[in-house]
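With the hints as constraints, model all of the structure from the sequences given.
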Amino acid sequence: MEFSTLIWTTIGVILTLCVYSFLYKDNPFYKFAEHLVVGASAGYYLVIYYYNFIDPNVVRPVFQLEHGGQAIALGGFEWWMALIPGLLGLLLYARFFPKIAWVGRWPLGIYVGGYAGLGISPVMQARVIDQMRAASSPLASIVGPGEVVDPFAAVTNTALGFVIFAVMTYFLLAKRHLGSRGIAAMIGVIAASAVVGYGGYVVLTALSAANVVSTTSILLVVGLLGTLAYFFFSLRHTGLLGGLARIGIVFLMVGFGASFGYTVMSRISLLIGRVGFLIDWIGMFSS
Amino acid sequence: MRARTPAGFVVGVLSISALFLCSAALAQEEIEAAPADSLPPLSPPTSVMISDTPNDRGFSINVTWALSSDDEAGRVTSYRIYRTSDPDTGFAFAGRVSPGDTEYRDGDAPEGELVYYRVSATDDVGAESPSETSAPTQAVPQWFNKERINVLIAVFIFVAAIVYFVVSARRGKDLFIRRLAGLDEVDNAVGRATEMGKPILYISGLSTVSDVATIAAINILGEVAKKTAEYNTRLIVPCADPIVMAVEQEVVKEAYAKVGRPDSYNEDDVFYLTRSQFAYVAGVNGIMVRQRPATILYMGMFFAESLVLAETGASVGAIQIAGTDAVTQLPFFITACDYTLIGEELYAASAYLSREPVLLGGLKGQDTLKMVIAITIILTTIVATLVAVNAIGADFMTPLLITQ
Numbered sequence: 002m003e004f005s006t007l008i009w010t011t012i013g014v015i016l017t018l019c020v021y022s023f024l025y026k027d028n029p030f031y032k033f034a035e036h037l038v039v040g041a042s043a044g045y046y047l048v049i050y051y052y053n054f055i056d057p058n059v060v061r062p063v064f065q066l067e068h069g070g071q072a073i074a075l076g077g078f079e080w081w082m083a084l085i086p087g088l089l090g091l092l093l094y095a096r097f098f099p100k101i102a103w104v105g106r107w108p109l110g111i112y113v114g115g116y117a118g119l120g121i122s123p124v125m126q127a128r129v130i131d132q133m134r135a136a137s138s139p140l141a142s143i144v145g146p147g148e149v150v151d152p153f154a155a156v157t158n159t160a161l162g163f164v165i166f167a168v169m170t171y172f173l174l175a176k177r178h179l180g181s182r183g184i185a186a187m188i189g190v191i192a193a194s195a196v197v198g199y200g201g202y203v204v205l206t207a208l209s210a211a212n213v214v215s216t217t218s219i220l221l222v223v224g225l226l227g228t229l230a231y232f233f234f235s236l237r238h239t240g241l242l243g244g245l246a247r248i249g250i251v252f253l254m255v256g257f258g259a260s261f262g263y264t265v266m267s268r269i270s271l272l273i274g275r276v277g278f279l280i281d282w283i284g285m286f287s288s
Numbered sequence: 006m007r008a009r010t011p012a013g014f015v016v017g018v019l020s021i022s023a024l025f026l027c028s029a030a031l032a033q034e035e036i037e038a039a040p041a042d043s044l045p046p047l048s049p050p051t052s053v054m055i056s057d058t059p060n061d062r063g064f065s066i067n068v069t070w071a072l073s074s075d076d077e078a079g080r081v082t083s084y085r086i087y088r089t090s091d092p093d094t095g096f097a098f099a100g101r102v103s104p105g106d107t108e109y110r111d112g113d114a115p116e117g118e119l120v121y122y123r124v125s126a127t128d129d130v131g132a133e134s135p136s137e138t139s140a141p142t143q144a145v146p147q148w149f150n151k152e153r154i155n156v157l158i159a160v161f162i163f164v165a166a167i168v169y170f171v172v173s174a175r176r177g178k179d180l181f182i183r184r185l186a187g188l189d190e191v192d193n194a195v196g197r198a199t200e201m202g203k204p205i206l207y208i209s210g211l212s213t214v215s216d217v218a219t220i221a222a223i224n225i226l227g228e229v230a231k232k233t234a235e236y237n238t239r240l241i242v243p244c245a246d247p248i249v250m251a252v253e254q255e256v257v258k259e260a261y262a263k264v265g266r267p268d269s270y271n272e273d274d275v276f277y278l279t280r281s282q283f284a285y286v287a288g289v290n291g292i293m294v295r296q297r298p299a300t301i302l303y304m305g306m307f308f309a310e311s312l313v314l315a316e317t318g319a320s321v322g323a324i325q326i327a328g329t330d331a332v333t334q335l336p337f338f339i340t341a342c343d344y345t346l347i348g349e350e351l352y353a354a355s356a357y358l359s360r361e362p363v364l365l366g367g368l369k370g371q372d373t374l375k376m377v378i379a380i381t382i383i384l385t386t387i388v389a390t391l392v393a394v395n396a397i398g399a400d401f402m403t404p405l406l407i408t409q
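Chain order of the listed sequences is A and G. Plus 1 on top of the position in the first sequence (first one is 1) and you've got the numbering used here. Plus 5 on top of the position in the second sequence (first one is 1) and you've got the numbering used here.
Fair warning: there could be bad hints in the mix.
Stated by the list, open to error - Computed list of lysine-lysine pairs in BS3-like fashion (alpha-carbon distance at most 27 Å, straight line):
| id | chain 1 | residue 1 | chain 2 | residue 2 |
| --- | --- | --- | --- | --- |
| 1 | G | Lys258 | A | Lys100 |
| 2 | G | Lys203 | G | Lys151 |
| 3 | G | Lys203 | A | Lys26 |
Claimed, not checked - Facing chain G, according to a computed beta carbon distance under 7 Å, are these residues of chain A, among others:
| id | residue |
| --- | --- |
| 4 | Trp80 |
| 5 | Trp81 |
| 6 | Met82 |
| 7 | Val113 |
These aren't lab readings, by the way, just hints derived from the structure by calculation. Where is the CB? At the ideal position from N, CA and C, for every residue including glycine.
Shown next as structure tokens:
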């Protein structure tokens, strides 16, 4: 093993232990590591910003230095398009001169307003229209000729669909009136809803040869409408809207719980990676 | 000498083997080439048509053709597309597609210049059979993307609703907004910090001004700064982005001026820390354990650092209120903070706190859009289900939501 590798790895190990010492309490070792990483990263990003943004986008085009093998003509469209944002960027420093500090608001206004305006169309497309299109899926479908359906999957899907329907009915309509009667009332309502749901299924099946209820689609639509109701601010969350909002918060929390577990798992893997780094360092001395 | 004899022997054997293999391969090629020679050349693709790609920013041409008659027999291995501005000077390669394909979108066409195309059917030995040259056309940009009419309609409804509610609010109409527990607590949190004589730490996430959550966080900061100015409580705002820092300095300064305390504003309390994610976390954690703020507000876009920040904040006994639209980080704030604004509650917060007509109008406009979305989803789901069970014809489905 090279001596330089050992030195740098050892420095990494010492800094790792300095950071972990924060688990006990704030101490000079942590302070040292903290200030080192903050200072080094601030300096690092200064250089990155200059060479990745200012130099290729402002300095080289404006001063007609070679950029990408092509020199930009003085006074041309691209030259102005480099100069104007560059000047706007310089205006940010007007804050250091109190008499003209107000000029520094111009580039900020252009920057914030520009981004907000440019964002309208893509956000409307990606976060509203496309999501609506994806959410508008059929709740049931007909089985095609020759298509084989797994009877277990069909029955399970249908049963789950009933349960969702029943729970939704309970939250929307029954809870307000039967809330004080507890679990017995809830079970009664769910059972009654299931009977109604099954009736609906029978009717649907009679209308068209064989339907398969899509539990996923039902979950999607119910969860989506409930979540939308939760984020509706113009009305009090009472009555029907309140019931829908309660369903929405249940869906949100189930989603957050899953996300929490998933992320914790990935954090544990990061910890394992760091502990592995420390163990490898110890192994360096035995090899 | 004994050692060299086997080596020479091995080299000799290898050389002979290589020669044998080469001659065998050549013979094989001759065998394989023989039937190809006997086959007639590929028939070329026909009816090559080109057109400007609609609804784009230029630089794109659509090329279509009829398959070579040898395509079905499996003799065509690919179609090669060639482009030129002058057919007399030869064609340049533009792209290649698989057999069976009858169209190609050339995204490198020169804008505003007449171009010609030719499509060649290619066989397994690389022999090409070119089509006739197409009629010329040119790539031109379009000002209006007709495929986004649905977006225009949605934006129009949204803007119209906002304008209506803004005008209503300005005329003095009382616009109701339901209670948001997390925001009701902001007043108490500021009061608590004042009573304890400790500062308030405001963290506006690690994203840039281009992020909607950051803009919302800046709006909320303005309202929080007004309260801290009124109570004369110190407000510390460490920033991860230099532009966000500049904007936040202006916002806090203006808030202090609005409540008549411009002298209380300390520019050094709104400062740049670093852009690096975990270096920023280390710096903020240091501030938390040394300044021991009574209240910590996390508003904006957060990433993997959320739990580290919130856990440290909880360990110093601060009241913590978080708000973010980062779905993956919300669970951590919910578990580690006292109050959490979920997703759109963050956007509603500034209107809720300030009660300014423009912001209230925006919030009401969003609610109107949500109602339109909910009704549309219910209707389209019903229609999609009826179509799926053959209760109505598929033609009934409106193409309104279908975009590319």
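Are the Cα positions of Lys258 of chain G and Lys100 of chain A separated by 27 Å at most? Within the cut-off at roughly 16 Å; holds.
Can the hint on Trp80 of chain A be confirmed by a CB-to-CB distance to chain G that is less than 7 Å? It is violated, given that the least Cβ distance between Trp80 of chain A and chain G is near 20 Å, above 7 Å.
When the nearest CB of chain G is found for Val113 of chain A, is that gap smaller than 7 Å? holds, 5 Å
Is the Cα-Cα distance between Lys203 of chain G and Lys151 of chain G 27 Å or less? At roughly 57 Å apart (the allowed maximum being 27 Å), Lys151 of chain G and Lys203 of chain G break the hint.
Between Lys203 of chain G and Lys26 of chain A, does the CA-CA distance stay at or below 27 Å? holds, 20 Å
Against chain G, with CB atoms and a cut of 7 Å, does the hint on Trp81 of chain A hold up? Given a least distance of 20 Å, the restraint on Trp81 of chain A is violated.
Do the numbers back the hint for Met82 of chain A, that is, is its least Cβ distance to chain G under 7 Å? Hint violated; Met82 of chain A Cβ to chain G Cβ min 16 Å, cut 7 Å.
Against the hints set out earlier in the document, violations occur for numbers 2, 4, 5, 6.
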